[in-house]
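Following the hints, position chain B against chain A.
There are 2 protein chains.
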Amino acid sequence: MKPIQVGLLGIGTVGSGTFNVLQRNQEEIRRRAGRGIQITMVADLDTARAKSVVGDGAKVVGDAREVIANPEIDIVIELIGGYGIAKTLVMEAIAAGKHVVTANKALLAVHGTEIFAAAHAKGVIVAFEAAVAGGIPIIKALREGLTANRIEWIAGIINGTTNFILSEMRAKGLDFDVVLKEAQRLGYAEADPTFDIEGVDAAHKATIMSAIAFGIPVQFDKAHVEGITKLQAADINYAEQLGYRIKLLGITKRRDKGFELRVHPTLIPSKRLIANVEGAMNAVVVHGDAVGTTLYYGKGAGSEPTASAVIADLVDITRLHTADPDHRVPHLAFQPNELANTPILGMDEVVTSFYLRLQVADQAGVLARITGILAERGISIDALLQRESAEGEAQTDVIILTHDTVEGEMNKAIAQMQALPTVLAPIVRIRKEELN
Amino acid sequence: MKPIQVGLLGIGTVGSGTFNVLQRNQEEIRRRAGRGIQITMVADLDTARAKSVVGDGAKVVGDAREVIANPEIDIVIELIGGYGIAKTLVMEAIAAGKHVVTANKALLAVHGTEIFAAAHAKGVIVAFEAAVAGGIPIIKALREGLTANRIEWIAGIINGTTNFILSEMRAKGLDFDVVLKEAQRLGYAEADPTFDIEGVDAAHKATIMSAIAFGIPVQFDKAHVEGITKLQAADINYAEQLGYRIKLLGITKRRDKGFELRVHPTLIPSKRLIANVEGAMNAVVVHGDAVGTTLYYGKGAGSEPTASAVIADLVDITRLHTADPDHRVPHLAFQPNELANTPILGMDEVVTSFYLRLQVADQAGVLARITGILAERGISIDALLQRESAEGEAQTDVIILTHDTVEGEMNKAIAQMQALPTVLAPIVRIRKEELN
Chain A
1 MKPIQVGLLG IGTVGSGTFN VLQRNQEEIR RRAGRGIQIT MVADLDTARA KSVVGDGAKV
61 VGDAREVIAN PEIDIVIELI GGYGIAKTLV MEAIAAGKHV VTANKALLAV HGTEIFAAAH
121 AKGVIVAFEA AVAGGIPIIK ALREGLTANR IEWIAGIING TTNFILSEMR AKGLDFDVVL
181 KEAQRLGYAE ADPTFDIEGV DAAHKATIMS AIAFGIPVQF DKAHVEGITK LQAADINYAE
241 QLGYRIKLLG ITKRRDKGFE LRVHPTLIPS KRLIANVEGA MNAVVVHGDA VGTTLYYGKG
301 AGSEPTASAV IADLVDITRL HTADPDHRVP HLAFQPNELA NTPILGMDEV VTSFYLRLQV
361 ADQAGVLARI TGILAERGIS IDALLQRESA EGEAQTDVII LTHDTVEGEM NKAIAQMQAL
421 PTVLAPIVRI RKEELN
Chain B
1 MKPIQVGLLG IGTVGSGTFN VLQRNQEEIR RRAGRGIQIT MVADLDTARA KSVVGDGAKV
61 VGDAREVIAN PEIDIVIELI GGYGIAKTLV MEAIAAGKHV VTANKALLAV HGTEIFAAAH
121 AKGVIVAFEA AVAGGIPIIK ALREGLTANR IEWIAGIING TTNFILSEMR AKGLDFDVVL
181 KEAQRLGYAE ADPTFDIEGV DAAHKATIMS AIAFGIPVQF DKAHVEGITK LQAADINYAE
241 QLGYRIKLLG ITKRRDKGFE LRVHPTLIPS KRLIANVEGA MNAVVVHGDA VGTTLYYGKG
301 AGSEPTASAV IADLVDITRL HTADPDHRVP HLAFQPNELA NTPILGMDEV VTSFYLRLQV
361 ADQAGVLARI TGILAERGIS IDALLQRESA EGEAQTDVII LTHDTVEGEM NKAIAQMQAL
421 PTVLAPIVRI RKEELN
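Protein chains in written order, with full-length UniProt numbering: chain A, 1 to 436; chain B, 1 to 436.
Incorrect hints may have been included.
No copy labels: a pair is met if it fits in one copy or bridges any two.
To be verified - Listed next, the in silico DSSO-like pairs over lysine-lysine satisfying Cα-Cα at most 27 Å (straight line): (1) K59 <-> K181; (2) K257 <-> K172; (3) K257 <-> K271; (4) K122 <-> K87; (5) K2 <-> K181; (6) K181 <-> K51; (7) K59 <-> K222; (8) K230 <-> K257; (9) K59 <-> K2; (10) K2 <-> K271; (11) K59 <-> K230; (12) K412 <-> K222; (13) K172 <-> K51; (14) K87 <-> K51; (15) K412 <-> K172; (16) K122 <-> K2; (17) K257 <-> K59; (18) K222 <-> K257; (19) K230 <-> K412.
Quick caveat, the hints were computed from the structure, so don't treat them as lab data.
So that you can see chain A by itself, here it is in the shape it has in the complex (with noise of 0.2 Å):
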């Protein structure tokens, strides 16, 4: 049978990587697949650094829109990135009747609904495995692997900068701004690292995660998106006496009224797994009603890892795309007629236990008032640890783990409690979550 003929727009890390891997592993990938798959058309503003990457192995041209109008060409990789360009090359794509593979997050986050509607009505696939933990096959996992079940909740590090930061912080006791500038000049953050250090990136996956878990639109601009930009050393260290470790973890949670969707740093035991990912690693928890807690582990971006989750892409579309349409698996898992409007609820209403630091005046009854102003609002405390002041300090750090409470009440106590004269410094306040 003749190959299945792919066009590729955009030949940067990834795109260089699938290339690469699919002609080193050309014969495994053919024995699996039954048929061979290969790039035969390239397409990069850059065409002197496509040809440089290619050879004579495809066609290089500068014009994404050549790709597409190629009646040759099956499937299109879109690495482009972005909302702009990338997404009207995605859209004329499926207008051409061709299959699409994307590594596209924010892509998918903001515009997905507008995409696999397109997509649907075309009767072609929009692939993504890709565009969330780079290499684990998560969206396999979550689409196919776990249909038995009620997904109740998905905690995962899914971003390598911010995990690589937060381990090195927590290695080397240093503060946020010393390890970002150690981290661009390892490479492990960009030059401008605003989307991974500000939450955007993980919120982006953590939203296609919240649409095929629990069979809702992809809400992006219903996510809580929270960085580890102010995220201090002190906090870290307390955390590791307290048995957490701190993590930037996007989660999505079932609810009785709706779903929960956040981003933010996070202490979670130490003893868990998923706390023991370091460095640049990605992993992702999942809760289902049957299955119990299960992980998915592995390198969650770079250049070959993300290129074997776009051809895995590549082999399922090859498999399927001369299936009846209505068979596959859909984009969003869900059937797309079967898709809630359950709502995606505010962070007033989300419920986690919390982590505490408050620096206050070394001297009696300070105490008593905090817990105090807890007790009233029906916060209970899980445990508590006061550090022995500094000898001639007139000031001391409290810290308090509470149980869970909802996070509008939470906010009043906090405001309460900053506005006691004895509380000397804006408190510190990070979401805990046992992950159990």
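Chain B alone, transformed into the frame defined by chain A:
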């Protein structure tokens, strides 16, 4: 559309879980699959027990052949277990044109070639996600998620009973026999635990994974099978001091001239994620050339976790059974005519590093003789620990960690060392893997 009709053979622990989860989550599953999935017939010798589980939800019969003969039944689930009647019924179901879902690793590891060939010829699917690592979707990850990769090796904790026993031995410093009794009391080990503690169950699963990872037939008869019954608390303790934990691993590895396939107790660095998988949990590490190291973790047994895998297979079949059989995922991941006849290597050719414990006379020159023997065989030493002999004792333990070596050479070296008059007891030898 009419629901898919499923017949269940054997309604014990996993069968009950499958029936219950399918009922409880029927709406969730229908929203995903686009079609209802119902167990409408159940066969079990103990019809009273079967009726107590299914109530009026399905017809109960005593004869499995009634299920297979029923033209309304689309898929047959085999949960009887073993090689005997289970095999006959699976072959009859295939002959009757039914798709089959099975959790029977023993059956597939031993008779998989015959069963898959019959299914292929008949154009039906035999799905077996539940056969390896229970609820963890590892078969799907290997067959579909990692298709871009040349898989280099797999190492898994794929037997919960033995992992529970090893976890308890380490945590409490107890010997095997004591912990086995406790495990039996708690229901983690069966009354006859032979298949678990002797490594047979793990070898069945490793055999299946080796086939789908490398594109070779299932070859259980070539697997090296070694259990944990001879493990001593002292070695778990020494390993710990050296920064290692001992786990029963199922390992399969690509080598130049063939594949390794083996189950045995293994030292692994304590800092590896898989070293921290405790109790009855399972985890599988898969290393692919593109994706690098990935890990999959979850419950490897139990009613609903295993049901989760069985039902995922039902959903897959519901989607795929109308598709052109040539475009389905092949049973063993690679197309049937693309399986390689590359051999499974004998243990003499296997390469690992080793942990050795020698009980030696506490006298001059002993260490020189031992290290001399290793050096002659080209086996280099990574670490050496000599316990101070207790006062009045004339003997001591010498612990040696070696670098990678061919097992045949190590066997010769051990025989030579054992023959030394200053080596006072049988040498303990445990293989070691870095799992980088």
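Status of the hints after comparison with the structure:
Taking identical chains as interchangeable, the C-alpha atoms of K59 and K181 are never at most 27 Å apart, the minima being 40 Å within one chain and 67 Å between chains. For the homomeric pair K257 and K172, neither the shortest alpha-carbon distance inside one copy (42 Å) nor that between copies (45 Å) is at most 27 Å. For a Cα distance limit of 27 Å, the shortest separation of K257 from K271 qualifies neither inside one copy, at 31 Å, nor across copies, at 41 Å. Taking the shortest Cα distances, K122 and K87 sit within 27 Å of each other inside one copy (16 Å), while across copies they are farther apart (44 Å).
Taking the closest pair of Cα atoms, K2 and K181 never come within 27 Å of each other, the shortest separation being 50 Å inside a single copy and 60 Å across copies. Taking the closest pair of Cα atoms, K181 and K51 never come within 27 Å of each other, the shortest separation being 33 Å inside a single copy and 66 Å across copies. When the C-alpha separation of K59 and K222 is checked against a cutoff of 27 Å, the pair qualifies neither within a copy, at 42 Å, nor between copies, at 47 Å. Proximity of K230 and K257 under a CA criterion of 27 Å is satisfied in neither setting, with 31 Å inside one chain copy and 54 Å between copies.
Taking the shortest Cα distances, K59 and K2 sit within 27 Å of each other inside one copy (18 Å), while across copies they are farther apart (49 Å). Taking CA atoms no more than 27 Å apart as the test, K2 paired with K271 passes in neither setting, with 52 Å inside one copy and 47 Å between copies. For a Cα distance limit of 27 Å, the shortest separation of K59 from K230 qualifies neither inside one copy, at 48 Å, nor across copies, at 61 Å. Taking the shortest alpha-carbon separations for K412 and K222, only the intra-copy value of 22 Å comes in at or below 27 Å, while the best inter-copy value is 66 Å.
Taking the closest pair of Cα atoms, K172 and K51 never come within 27 Å of each other, the shortest separation being 43 Å inside a single copy and 62 Å across copies. Taking identical chains as interchangeable, the C-alpha atoms of K87 and K51 lie at most 27 Å apart only when both belong to the same chain, with a minimum of 25 Å there against 55 Å between chains. In this homomeric assembly, K412 and K172 never come within 27 Å of each other (Cα to Cα): the closest approach is 35 Å inside a single copy and 46 Å across copies. In the homo-oligomer, the alpha carbons of K122 and K2 lie at most 27 Å apart both inside one protomer (24 Å) and across protomers (26 Å), since each shortest distance falls under that limit.
For the homomeric pair K257 and K59, neither the shortest alpha-carbon distance inside one copy (53 Å) nor that between copies (37 Å) is at most 27 Å. When the C-alpha separation of K222 and K257 is checked against a cutoff of 27 Å, the pair qualifies only within one copy, where the shortest distance is 15 Å, while the shortest distance between copies is 55 Å. Only within a single protomer do K230 and K412 lie at most 27 Å apart by alpha-carbon distance; the minimum there is 21 Å, versus 60 Å between protomers.
Hint check: violations occur at hints 1, 2, 3, 5, 6, 7, 8, 10, 11, 13, 15, 17; the rest are consistent with the structure.
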